[in-house]
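Given the structure of chain A, go ahead and fit chain B with the ligands onto it with the hints provided.
If you're matching them up, the sequences are chains A and B in order. Read in this note's numbering, the first sequence has 139 at position 139, and its numbers run on one by one without any break. Read in this note's numbering, the second sequence has 1272 at position 272, and its numbers run on one by one without any break.
Bear in mind the hints are in silico, worked out from the structure with no lab data behind them. Given the structure is predicted, the values throughout are model-derived calculations rather than measurements.
No more than 30 Å apart at the CA atoms, straight line, and that leaves these computed lysine-lysine pairs for BS3-like:
hint, chain 1, residue 1, chain 2, residue 2
1, B, Lys1004, A, Lys120
2, B, Lys1166, B, Lys1181
3, A, Lys4, A, Lys33
4, A, Lys87, B, Lys1004
5, A, Lys131, A, Lys87
6, B, Lys1111, B, Lys1246
7, B, Lys1409, A, Lys82
8, A, Lys105, B, Lys1328
9, B, Lys1406, A, Lys73
10, A, Lys105, B, Lys1406
11, A, Lys105, B, Lys1004
12, A, Lys116, B, Lys1004
13, A, Lys116, B, Lys1409
14, A, Lys105, B, Lys1019
15, A, Lys22, B, Lys1409
16, B, Lys1166, B, Lys1244
17, A, Lys105, A, Lys33
18, B, Lys1256, B, Lys1111
19, B, Lys1406, A, Lys87
20, A, Lys105, A, Lys178
Pulled from the structure, derived: some chain A residues nowhere near chain B, Cβ distances all over 12 Å:
hint, residue
21, Thr20
22, Ser28
23, Gly69
24, Ile132
25, Gly134
26, Gln136
27, Gly149
28, Gln189
29, Arg214
30, Glu219
31, Arg222
32, Arg225
Pulled a few chain A residues facing chain B out of the computed Cβ check, cut under 10 Å:
hint, residue
33, Asp58
34, Ser78
35, Arg84
36, Asn85
37, Glu100
38, Ser159
39, Asn162
40, Asp170
A virtual CB, placed ideally from N, CA and C, is assigned to each residue, including glycine.
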Amino acid sequence: MKDKILDALKISKYFHDPATVKVIKEISFSVMKGEFVSIIGKSGCGKSTLLYILSTMDTSYEGELFLDGQSMKNRIESDLAKVRNEKIGFVFQFHYLLNEFSVLKNVMLPGLKLAKFTDKEVEQRAYDKLKILGIQSEALKYPNQLSGGEKQRVAIARSLINDPLIIMGDEPTGNLDKKNSEVVFHIFQELAQEFNQSLLIVTHDNEFAQKTNRIIEMEDGRIIRM
Amino acid sequence: MKLKLITDVSRSFLIARWKQTLVAAIGVTFSITMFIALLSFMAGLNDLLDGLILNRTAHIRLYNEIKPSKLQPVDLSEIYKGYYNFVNSIKPKNEKAAIYNTGAIINTLNKDSRVLGIAPKITAQVFFNVGAIDLTGVINGIDAEAENLFFKFSDYVISGNYMDLKNIPNSIIMGKGAAEKMLANIGDVIQVTTARGDRIQLKVVGYFQSGIRDIDNIQSYASISTTQKLLGESDGYITDIQVKLKDILLAPALAKQYSRLFDVDATDIQTANAQYETGSFVRTLISYAVGITLLIVAGFGIYNILNMMIYEKMDSIAILKATGFSGKDVHRIFLTIALSIGIFGGLLGLLLGFGLSAIIDQIPFVTASLPTIKTYPVDYNPAFYVIGGIFSIATTYMAGFFPSRKASKIDPVIIIRGK
Ligand SMILES: Nc1ncnc2c1ncn2[C@@H]1O[C@H](COP(=O)(O)OP(=O)(O)O)[C@@H](O)[C@H]1O
Ligand SMILES: [Mg+2]
Chain A
1 MKDKILDALK
11 ISKYFHDPAT
21 VKVIKEISFS
31 VMKGEFVSII
41 GKSGCGKSTL
51 LYILSTMDTS
61 YEGELFLDGQ
71 SMKNRIESDL
81 AKVRNEKIGF
91 VFQFHYLLNE
101 FSVLKNVMLP
111 GLKLAKFTDK
121 EVEQRAYDKL
131 KILGIQSEAL
141 KYPNQLSGGE
151 KQRVAIARSL
161 INDPLIIMGD
171 EPTGNLDKKN
181 SEVVFHIFQE
191 LAQEFNQSLL
201 IVTHDNEFAQ
211 KTNRIIEMED
221 GRIIRM
Chain B
1001 MKLKLITDVS
1011 RSFLIARWKQ
1021 TLVAAIGVTF
1031 SITMFIALLS
1041 FMAGLNDLLD
1051 GLILNRTAHI
1061 RLYNEIKPSK
1071 LQPVDLSEIY
1081 KGYYNFVNSI
1091 KPKNEKAAIY
1101 NTGAIINTLN
1111 KDSRVLGIAP
1121 KITAQVFFNV
1131 GAIDLTGVIN
1141 GIDAEAENLF
1151 FKFSDYVISG
1161 NYMDLKNIPN
1171 SIIMGKGAAE
1181 KMLANIGDVI
1191 QVTTARGDRI
1201 QLKVVGYFQS
1211 GIRDIDNIQS
1221 YASISTTQKL
1231 LGESDGYITD
1241 IQVKLKDILL
1251 APALAKQYSR
1261 LFDVDATDIQ
1271 TANAQYETGS
1281 FVRTLISYAV
1291 GITLLIVAGF
1301 GIYNILNMMI
1311 YEKMDSIAIL
1321 KATGFSGKDV
1331 HRIFLTIALS
1341 IGIFGGLLGL
1351 LLGFGLSAII
1361 DQIPFVTASL
1371 PTIKTYPVDY
1381 NPAFYVIGGI
1391 FSIATTYMAG
1401 FFPSRKASKI
1411 DPVIIIRGK
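Same shape as in the complex, but just chain A (with noise of 0.2 Å):
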C-alpha cells in the first residue's frame, strides 16, 4: 500500500574489542513513509548502534540495507554523506549545535551543503522551519544562549532543512525534562500527522513510545516485538 522508505534487511554487527561480540543479530524490519516508529528496549541492547548503521554513518556491517529503495552497501564516504545531506535528519541526545555558528546559520548548514535552493531560500526555509518549532524568535542567538530545551528544537529544525524522508532520532528527549520531553513529542507527532513525515525515534521511556504508531521492542540485538 505506501511505500517502503527504509528496509533492513538481516543487519548484523560484530565489536572486535575487547572480544568479538554480536551485538546486533540478523535484524529485519520496514519503515513506511509517514510512519511514527519508536524503538524501546534495555540499555545496552544495541538500539545506538542500530541506528547508527540505519543512518549510513557506520558501514562495518553484514545484512543489507535499502533507503529510499536504494541499497547503501558498498558505497563510497561522499556518497553516503550526500544520502545523510538530503534523505535523513538525524535528531541526537545531546544538543550538537555547533557554537560557532547562529541558530539560524546552524539550521541552514545543511540546506546550503545541499545547495538545491539559493542561499536566500535557503534562510527562508530555516525561518519557516524553526517557526513550526515555534523558536524563530531566537533564530540570531547563539547556541549557547538557549535553554536545553530550545537547542533540541534548533536540532530538529536542522534536521528537517532538506525535507528528509526520514528522521532519525537517539534518545531525543532522554536529557529534557518532562514538559519540555513533552513539548518535543508533539512536535514529532505533528510532524507525522500534519506533514506525513516518517519518523523513526529510539527512545527508553515507555509513555513517549506507547503513544507512536508502532514501537520495535529490542533485547540482546534483536527484535523481540514489533
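Just chain B with the ligands, lined up with the frame of chain A:
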C-alpha cells in the same frame, strides 16, 4: 560543493579561535619578513662585492700571451711522432705582447650585435721614482670615455676628473696607495721609468681607489697615447681589447670563438673570476637556508595550532559529517584555515620584509675602500618576494595537510557515542 560554504565555515572556526590563529599568522609573518630582509641584504652585499670585481672586468679580454712555441722541432720529426717528447729547445721568441691588426679586430667586434661595447687597453710595467727608490707599478693606458661607459671608471676616481686623462697631455690618475707612498698631490709632476729604461714625466690629475688595496698600490691610469709614447710604441699598439657583452652568459662561448677567429688569447669573466661566483653562491645558499628554516619553524606552529583546533572541534566535525558534509569537505575546511593563515601571514610578511629592507637601506655604511657606497646595500629583487610568497603558501599547505586529513578521517559515530 560550493567554495563559499567552505570558506564560510572556515572563517567561523578561525574567528572562534582568533588568538591562536593570530599567533600562527605572526609566526609566518616573522619568518617571511626575515626571509625577505635577509635575502635582500645578502643579495645587495653580493652585488656590491661582485661589483668590486665584475663591474670593472671585461666580459671577454683579448690579449696576446707570451708563450713557448707549441710545436718543438722534435714534434715535427716523423720518427718521434708517436712518442711523448721532453726536449724543449725553442724558447719564447722576442715577441711583443701586442695584439696584431687591432684596427680590424675592433671593427669586427663593433659590428657584432652581441657586443655592447669595447675598450682598448695597454698595460705597461713601470717604476715610479720616489727620491732614491723605485716603486714598481703598472700604468694602464685607457680610452677614458669607453672605460667609463663600460667599466664605471669615474666611480673609482675619487679626486680629479677622469676626462682630464684625455684633455691634459702626459697626465696620470694614480692609485691612492701608490700616490700616498709617493706623496704625490694633484697637480704634481712625477717621474716614471719604463721597463726599457726610458724616463718620462707625468702630471698627476686625480686619484683612483678601487677598494682593493693590492690594486690601489700598483695600478695607475693614463691615456692610450700617453702610454704608447711611454713605451715608445706606434699608434696601433694595443695589448688588451676588453669586450663588454649584452649577455654576460655568452662570454665563455664567445671567448672561444674570438680566440679562434682573431688568433689571440681570450679569457671570459666566468673563468677568470670563478671564486667570486662561489662566494656569492655560498652566501645566497646560507640566506635561503636560514629563511627556509624560519619558515619550517612557522610551519610547525601552524601544524600545532591546527591539531589543537581539530581536537577542540571534534564535536563540530562530527555534526558536520552527520549532517552530510563529506570527509573531503572537512579536509578542505581545515586546509582553507591553514592557507588563510599562510596567505595573511605571508602577505604581511612580504610588506614588513620590504619595510625592513628599506630601513636597512637607510643605515649608513661608510668605508674608505668603497667610495660609492653610503648606506648598506639592499637588492629589491622581486624574485625574493615571489619565492617568499610561494614558500609561505607551500609551508602552510604542508603544515595544514596532515591535520586536515586527520580531521577528515574523524568517525562521527565514535564522537557521538562518546558523549
Ligand atoms: N565501540 C564499541 N566497542 C565495543 N563494544 C561496544 C562499542 N560500542 C558499544 N558497544 C557495546 O555494544 C552494546 C550496544 O551498545 P548501544 O548500541 O550503545 O546500546 P543502547 O544504545 O541500546 O544502550 C553494548 O553492550 C555496548 O557495551
Ligand atoms: Mg544508546
